[in-house]
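Asks: Next come the chains, spelled out residue by residue.
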Amino acid sequence: AQKVTQAQTEISVVEKEDVTLDCVYETRDTTYYLFWYKQPPSGELVFLIRRNSFDEQNEISGRYSWNFQKSTSSFNFTITASQVVDSAVYFCAQFTSGTYKYIFGTGTRLKVLA
Amino acid sequence: GAVVSQHPSRVICKSGTSVKIECRSLDFQATTMFWYRQFPKQSLMLMATSNEGSKATYEQGVEKDKFLINHASLTLSTLTVTSAHPEDSSFYICSARAGGGRQYNEQFFGPGTRLTVL
Chain A
1 AQKVTQAQTE ISVVEKEDVT LDCVYETRDT TYYLFWYKQP PSGELVFLIR RNSFDEQNEI
61 SGRYSWNFQK STSSFNFTIT ASQVVDSAVY FCAQFTSGTY KYIFGTGTRL KVLA
Chain B
1 GAVVSQHPSR VICKSGTSVK IECRSLDFQA TTMFWYRQFP KQSLMLMATS NEGSKATYEQ
61 GVEKDKFLIN HASLTLSTLT VTSAHPEDSS FYICSARAGG GRQYNEQFFG PGTRLTVL
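So the sequence lines, in the order shown, correspond to chains A and B. With the working numbering, letter number 72 in the first sequence gets 72, and the count goes up by one each step, no holes. With the working numbering, letter number 117 in the second sequence gets 117, and the count goes up by one each step, no holes.
Hints listed in this document are in silico derivations from the structure and should not be mistaken for laboratory results. Yeah, the Cβ is synthetic: ideal placement off N, Cα and C, and Gly gets one too. Be aware that one or more of the hints could be misleading.
Cut-off 20 Å, straight-line C-alpha distance, at most; resulting in silico cross-link-like pairs (SDA-like, lysine to any residue) [unchecked claim]:
| hint | chain 1 | residue 1 | chain 2 | residue 2 |
| --- | --- | --- | --- | --- |
| 1 | B | Lys64 | B | Glu106 |
| 2 | A | Lys101 | B | Thr32 |
| 3 | B | Lys41 | A | Tyr64 |
| 4 | A | Lys101 | B | Glu52 |
| 5 | A | Lys3 | B | Gln60 |
| 6 | A | Lys3 | B | Met45 |
| 7 | A | Lys101 | B | Gln60 |
| 8 | B | Lys55 | B | Pro40 |
| 9 | A | Lys3 | A | Ala114 |
| 10 | A | Lys16 | A | Arg109 |
| 11 | A | Lys70 | A | Tyr33 |
| 12 | B | Lys66 | B | Ser54 |
| 13 | A | Lys101 | B | Glu63 |
| 14 | A | Lys101 | B | Asn51 |
| 15 | A | Lys38 | B | Phe91 |
| 16 | A | Lys3 | A | Thr72 |
| 17 | B | Lys41 | A | Thr5 |
| 18 | A | Lys101 | A | Thr20 |
| 19 | B | Lys20 | B | Leu76 |
Sample of chain B residues with no beta-carbon within 10 Å of chain A, all distances over it, derived [claimed, not checked]:
| hint | residue |
| --- | --- |
| 20 | Lys20 |
| 21 | Asp27 |
| 22 | Leu44 |
| 23 | Val62 |
| 24 | Ser83 |
| 25 | Glu87 |
| 26 | Ile93 |
| 27 | Ser95 |
What follows is a set of in silico ranges between Cβ atoms, one per label pair, in the way DEER data are often shown [claimed, not checked]:
| hint | chain 1 | residue 1 | chain 2 | residue 2 | range |
| --- | --- | --- | --- | --- | --- |
| 28 | A | Ser12 | B | Ala72 | 21 to 31 Å |
| 29 | B | Arg10 | A | Lys111 | 38 to 48 Å |
| 30 | A | Ser73 | B | Pro40 | 21 to 31 Å |
| 31 | A | Phe54 | B | Asp27 | 23 to 33 Å |
| 32 | B | Thr17 | A | Thr72 | 17 to 27 Å |
| 33 | A | Thr31 | B | Gln60 | 18 to 28 Å |
| 34 | A | Glu10 | B | Ala72 | 36 to 46 Å |
| 35 | A | Thr80 | B | Glu87 | 40 to 50 Å |
| 36 | B | Gln60 | A | Lys70 | 28 to 38 Å |
| 37 | A | Lys70 | B | Glu63 | 37 to 47 Å |
| 38 | B | Pro40 | A | Val85 | 36 to 46 Å |
| 39 | A | Lys101 | B | Asp27 | 22 to 32 Å |
Work out the full structure: start from the sequences and follow the hints.
Replies: Printed below as a string of structure tokens:
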């Protein structure tokens, strides 16, 4: 079965703190893709990153970094030195070649307080 | 980059009326488009997958007679909510995928349409 779990429903941090958003996925497919999206209050999804199942290299983009570990089926997202503008709902999603569908996690609402 | 638009961005209608939402791929041809529904503070749930020129495939629990999907061209898919009721109030998001075959191809999401049924 294809499933994405984001156990943290809401996180509050103070500005400049680091924060990690967890994502655990399930799939029987060997070929799959993992994503993170940001959804600000406007509602429009903002693409952050895509990773395929054959590339376990971690990635850093500015204050954002992602840790992909197949051994634990996790694809965690860390924001370093958080800012108020980072406040949003963040979704982890999975696409598999078997189902050919995007499955979204339930999202984590991040509140960064000034 | 690839852009997907949705129109209208927001719509308010009376119960019992039908509402049409358009999803357009502006600078690429979309062989497949997806429609999602998102209730407040919930995740995106896939409603249906539409391929150009063929009938849409609906997810379990989605009423095909209530949510009519037409993908008549490679750049346009429409979702019509027929006889809308207050419980249909939601945020509807479409996405469009370029290319064909079962290989992964990039999907691009529209900005969403907020439907409120009074």
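Asks: Each hint should be assessed against the structure and marked as holding or not.
Replies: Against the structure, the hints come out as follows:
1. B/Lys64 to B/Glu106: Not OK: B/Lys64 and B/Glu106 at ~26 Å, beyond 20 Å, violated.
2. A/Lys101 to B/Thr32: Satisfied, since the Cα-Cα distance of roughly 11 Å is no more than 20 Å.
3. B/Lys41 to A/Tyr64: Outside the cut-off at roughly 24 Å; violated.
4. A/Lys101 to B/Glu52: holds (17 Å)
5. A/Lys3 to B/Gln60: Roughly 16 Å between the alpha carbons, so the hint for A/Lys3 and B/Gln60 holds.
6. A/Lys3 to B/Met45: Roughly 12 Å between the alpha carbons, so the hint for A/Lys3 and B/Met45 holds.
7. A/Lys101 to B/Gln60: holds (14 Å)
8. B/Lys55 to B/Pro40: violated (29 Å)
9. A/Lys3 to A/Ala114: violated (34 Å)
10. A/Lys16 to A/Arg109: holds (17 Å)
11. A/Lys70 to A/Tyr33: holds (12 Å)
12. B/Lys66 to B/Ser54: holds (18 Å)
13. A/Lys101 to B/Glu63: holds (19 Å)
14. A/Lys101 to B/Asn51: Judged against 20 Å, a Cα distance of about 13 Å means the pair holds.
15. A/Lys38 to B/Phe91: Holds, at about 16 Å.
16. A/Lys3 to A/Thr72: Holds. A/Lys3 to A/Thr72 sits at ~14 Å (cutoff 20 Å).
17. B/Lys41 to A/Thr5: holds (16 Å)
18. A/Lys101 to A/Thr20: Judged against 20 Å, a Cα distance of about 26 Å means the pair is violated.
19. B/Lys20 to B/Leu76: holds (12 Å)
20. Lys20: holds (19 Å)
21. Asp27: Check passes; 16 Å lies beyond 10 Å.
22. Leu44: violated (5 Å)
23. Val62: Its Cβ never comes within 10 Å of chain A, the nearest being 13 Å, so this holds.
24. Ser83: Since the minimum Cβ distance to chain A is about 25 Å, B/Ser83 lies beyond 10 Å and the statement holds.
25. Glu87: holds (19 Å)
26. Ile93: violated (7 Å)
27. Ser95: violated (7 Å)
28. A/Ser12 to B/Ala72: 21 to 31 Å: With a Cβ separation near 46 Å, A/Ser12 and B/Ala72 fall outside 21 to 31 Å, so the hint is violated.
29. B/Arg10 to A/Lys111: 38 to 48 Å: violated (25 Å)
30. A/Ser73 to B/Pro40: 21 to 31 Å: holds (29 Å)
31. A/Phe54 to B/Asp27: 23 to 33 Å: holds (29 Å)
32. B/Thr17 to A/Thr72: 17 to 27 Å: Once the Cβ atoms are compared, 49 Å apart, the range 17 to 27 Å for A/Thr72 and B/Thr17 is violated.
33. A/Thr31 to B/Gln60: 18 to 28 Å: About 24 Å separates the Cβ atoms of A/Thr31 and B/Gln60, which means 18 to 28 Å holds.
34. A/Glu10 to B/Ala72: 36 to 46 Å: Given a distance of about 41 Å, which is inside 36 to 46 Å, the answer is holds.
35. A/Thr80 to B/Glu87: 40 to 50 Å: holds (42 Å)
36. B/Gln60 to A/Lys70: 28 to 38 Å: Once the Cβ atoms are compared, 29 Å apart, the range 28 to 38 Å for A/Lys70 and B/Gln60 holds.
37. A/Lys70 to B/Glu63: 37 to 47 Å: holds (38 Å)
38. B/Pro40 to A/Val85: 36 to 46 Å: violated (22 Å)
39. A/Lys101 to B/Asp27: 22 to 32 Å: The hint (22 to 32 Å, Cβ to Cβ) holds, given that A/Lys101 and B/Asp27 are roughly 24 Å apart.
In summary, the structure is inconsistent with hints 1, 3, 8, 9, 18, 22, 26, 27, 28, 29, 32 and 38 from the numbered list given earlier, while agreeing with the others.
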